[in-house]
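Visitor: Using the hints provided, position chain B relative to the given structure of chain A.
Read top to bottom, the protein sequences are chains A and B.
For the first sequence, position 278 (counting from the first letter as 1) is numbered 278 according to my numbering, and the numbering increases by one without interruption.
For the second sequence, position 61 (counting from the first letter as 1) is numbered 61 according to my numbering, and the numbering increases by one without interruption.
Because the hints were derived from the structure by calculation, they are not lab data.
From a predicted model like this one, the values you see are computed outputs, not experimental measurements.
Check each hint, because a few of them may be wrong.
Claimed, not checked - The calculated DSS-like cross-link candidates involving lysine-lysine, where the alpha carbons are at most 30 Å apart (straight line), are: (1) A:K421 - B:K30; (2) A:K125 - B:K110; (3) A:K196 - A:K260; (4) A:K279 - A:K202; (5) A:K260 - B:K66; (6) A:K323 - A:K279; (7) B:K110 - A:K424; (8) A:K153 - A:K171; (9) B:K49 - A:K421; (10) B:K41 - A:K125; (11) B:K110 - B:K233; (12) A:K323 - B:K41.
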Amino acid sequence: MDAKKMLLGLFLVGVLSIAVVASGCIGGQQTSTPTTVTQKETVTETKPVEQITLKVIGPWYGAELDAFMEVIKAFEAQHPNIKVEYKTYRAEDLSTILPLQFESGDTPADVIAMWGWFIAEMGQKGHLMEFNGVINPDEYVPGILDTVTVDGKIYGVPFTAAAKPGFWYRKSFFEKYGLKPPETWDEFVALLEKIKQIPGVKAPIVSGDSVGWPLSDVTEHFILTFGGKDLQLKLINGEVKWEDPQVRSIFEQRLVPLLKAGYFSDPIEWTSAVDLWWKGDYALYFMGTWITGMVDDPTDLGLISLPGVKAMVLAPDYFMVPKYTSHPKEAMELAKFLATEGQRIHVGTKSGKLATWKKVSIDDYWEPMKDVAKVVANVESAPDLDDSVGGEWQKVFWDQLKLLWVQPDRLDDVLSTLDAKFPKK
Amino acid sequence: MRRPRSLTPLFFLLPALALMVPFVIYPVFKTIYLSFFLDGKFVGLENYKNVLLSSDIINLDRFPTKSPPWGALIHNIVWIAIHLPATVFLGLGIALLLRREEVKGSSIVKSIIFLGMVIPMIVGGLIIRFLFEEGAGVIPAIFRVLGIERLAITWTAYPETALFAAILGSIWIWTGFSMLMYSAGLASIPKDYYEAALIDGANRFQIFKNVTWPLLKPITVVVVAMTLLWDLKIFDVVYVATGGGPGGASMVLALQMWDYFARALNYNYAAVVAVLLTALTLIPALWLIRRRE
Chain A
1 MDAKKMLLGL FLVGVLSIAV VASGCIGGQQ TSTPTTVTQK ETVTETKPVE
51 QITLKVIGPW YGAELDAFME VIKAFEAQHP NIKVEYKTYR AEDLSTILPL
101 QFESGDTPAD VIAMWGWFIA EMGQKGHLME FNGVINPDEY VPGILDTVTV
151 DGKIYGVPFT AAAKPGFWYR KSFFEKYGLK PPETWDEFVA LLEKIKQIPG
201 VKAPIVSGDS VGWPLSDVTE HFILTFGGKD LQLKLINGEV KWEDPQVRSI
251 FEQRLVPLLK AGYFSDPIEW TSAVDLWWKG DYALYFMGTW ITGMVDDPTD
301 LGLISLPGVK AMVLAPDYFM VPKYTSHPKE AMELAKFLAT EGQRIHVGTK
351 SGKLATWKKV SIDDYWEPMK DVAKVVANVE SAPDLDDSVG GEWQKVFWDQ
401 LKLLWVQPDR LDDVLSTLDA KFPKK
Chain B
1 MRRPRSLTPL FFLLPALALM VPFVIYPVFK TIYLSFFLDG KFVGLENYKN
51 VLLSSDIINL DRFPTKSPPW GALIHNIVWI AIHLPATVFL GLGIALLLRR
101 EEVKGSSIVK SIIFLGMVIP MIVGGLIIRF LFEEGAGVIP AIFRVLGIER
151 LAITWTAYPE TALFAAILGS IWIWTGFSML MYSAGLASIP KDYYEAALID
201 GANRFQIFKN VTWPLLKPIT VVVVAMTLLW DLKIFDVVYV ATGGGPGGAS
251 MVLALQMWDY FARALNYNYA AVVAVLLTAL TLIPALWLIR RRE
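In isolation and in its complexed conformation, chain A is listed as follows (with noise of 0.2 Å):
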C-alpha cells in the first residue's frame, strides 16, 4: 500500500514537474507572442529596426578590455539597432570549448577573436563563415591573411596586431649610465657587457616567462635578423629543418653565447618582470608592442632592434564568425567593422597595437606609439612562428626555450625535439 502511494507521488510529482517545464515553454511563448504582434502593427505604421545583441568572445581584460571597448562603443554608435556583449575567454580555455560546441552546431558567441591556426582548422572542418569578398585582401599588410586562409577561402579577418620589434629601455636609465644604443652587433654585445657591470643590475636582460611565449618571441627576433623572413616562413611550412646548419648557426653563434655569458636572466613570469624592469633590476625587455600600455611613462620608452634586423613579428588578432551564429548578417558586418574602420580607433587608444589594415595612417595613432610604428614601417612585417604553427608544437617550442634558456649547452635536444615534434604534412 505504502509502495502505491509512493508511486502515485513520484507520478503526481512527474507530472507536475513536466507541466511546470510545458508551462515555461508556453509562457515563453506567451511572452513573446505580444511582442511578435507588437512589431507586426508596428511595421505597418514606422518599421522600426529590430534589435539585435551579438555577443563577442576576446582575451581582453583590464586596461586592453577598455581600449577594445572603445572600439564596440564607435560600432554601436553606428549600428543603433545593434547591441554587443562581451566576454573574456582565454584562447587556451576557447580551444577545448569550441570544437566541441562547433560539433553539436552550436555557438558561444556571434564573433570570437582566437588563434589564426586554430580558425583555419575549423574553417577547414566547415564551421566557419567565409569573408571572400567581404574584406579586400589588397588593402592589408601582406601575407596577414595567410594564417586564416586555406585553399583561397578566408575564414577569419585581422585586428590590430603587436608588433615584437626588439629590446625596450629606459631612457632615463640609458642616461643615467651613459649608455647608447647599438649600431652593430659587436656594440650590442658590448652594451650588454657594460650593463652586466652596472651595480644592482641583475642581468642586462629580462627574460619574461608564462607558459613560454616570451621567449619564442625573442628567439623569433633573432631568428629574423639572421635569417630573414625567408626563413622564418620556411620554418613555419616545415620546409627548413631546426638542425638545418642556417637555424642552427642563429643558435650557436648568437644566442647561445648571450645565455652562457649570463646576459639573459632566467625566466621571470612576464608581469613581474615588467615591474622588476621598471624599476632597474634589469635593462633591457624584450616584449611587444603592448608594453606601452604598462608603463607608468611611455614617453619614457626607447627600443632597441638587433642591429641588422631585416623582418619583424606583427602578430595580429583574428575574429571569426561561427556558422551557427543567430545574426549571420549582423555579425558579418560586426567583423567588418573591427577588420577595418575599428583598427583606426583602436590605434588611437592605448593598446599598444599596430594596423594591418593599411588605411590606417600614422596621424591616427597614440602618441607614444608612433614611433614604433614608424620603425616597424621601414622593415618586413612576418608572421609569428609559433602562432602560424600552432597546436601543440607551439606549446613544445615555449617549454623547449625554457629548457634552453637555463641549459644552453642542450641546444642539441632543444633542436632536435622541435624538429620530431614538428606537425607531419
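Guide: This is chain B only, laid out in the frame that chain A set:
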C-alpha cells in the same frame, strides 16, 4: 512460495540513471571507443602502442640516470613515491603533536596547515610558482641563507628542480587533508586504552605502535587511497606552477591528456591517456571500496 520480485526499487534508480547515463556512462564508453580509432578508422591497440612508446609518457633514455624529463607516467610514479609517504607521515606527525588539549593555539596551527586544502588548486599552483621563484620566493631565499647557491634559483625554471618544486608544493597543499583525517581518528580513540597501556608499563613508542597506529589503520587506508587518487589525477597545480616544463620535465599524465586534447586536437590519443588514467585510478579506488566493505 517465493515472492515475486518487485520492480519498485529499480524505479528509484531512474532519477540517478537519468543523469548518469548521459553525463557519466555514455562519455566513459565513448572515450573507450575513441581510444581505438584514429582519423575515423578502427586501429585496434595502435593508439595505445604509440602513446605508451612515446617519450612523452615513458622516457627510458633519460630515466633514471639523467635529469627529467622522464615521461609523464614516470613523473606520476615519482610524485606518488615522494608525495604519498610525505603527506601521510607529516599529517600523522602534526596531528600527534597537536592532539593534546594543553598545546596552546593548536587549532590555529591546524587551520593554517589546512589552508592549503581550502584554497583553489589554481591559486595553490600560483603560490607554488612564486614560493620557488628566485627573488620572490621563500624557498630559494632559505637556500641562499644556508649558502646552497645551487638551490637558490627559480626551481620551476630548471628541469632538475621543476618536478620536485611541484611535488613539494603539493605536499603543503595536501598535508592539511591528512592531518585533519588523523586528528579526527585520534580523537575517536578512547583515553582508557592509553591509561591501561601506561598502567601496564608501556613507553610512548610502544603505545604508538600497539595502540595508536593499529586503531588509525582505517584512517590510513582512506588517506593513502585518497592521496593516490589525487596524485594520479594531479593537473591544475602543475598546469599553473610549471605548465609541465621546462622541456616536459614536470609533465604529468592528466596534463599530457589535456595537451593531446586541447593543443594537438588529437582526441584519440587524449582518450587513450584518459583510459589509462582511469584504469590506474580504479586500482586504489577499488582497494579502498573493498577495505571499507
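Visitor: Each hint needs a verdict: does it hold in this structure or not?
Guide: Going through the hints against the structure:
no., hint, verdict
1, A:K421 - B:K30, "holds, 28 Å"
2, A:K125 - B:K110, "violated, 54 Å"
3, A:K196 - A:K260, "holds, 13 Å"
4, A:K279 - A:K202, "holds, 12 Å"
5, A:K260 - B:K66, "holds, 21 Å"
6, A:K323 - A:K279, "violated, 49 Å"
7, B:K110 - A:K424, "violated, 54 Å"
8, A:K153 - A:K171, "violated, 46 Å"
9, B:K49 - A:K421, "holds, 18 Å"
10, B:K41 - A:K125, "holds, 18 Å"
11, B:K110 - B:K233, "holds, 26 Å"
12, A:K323 - B:K41, "holds, 27 Å"
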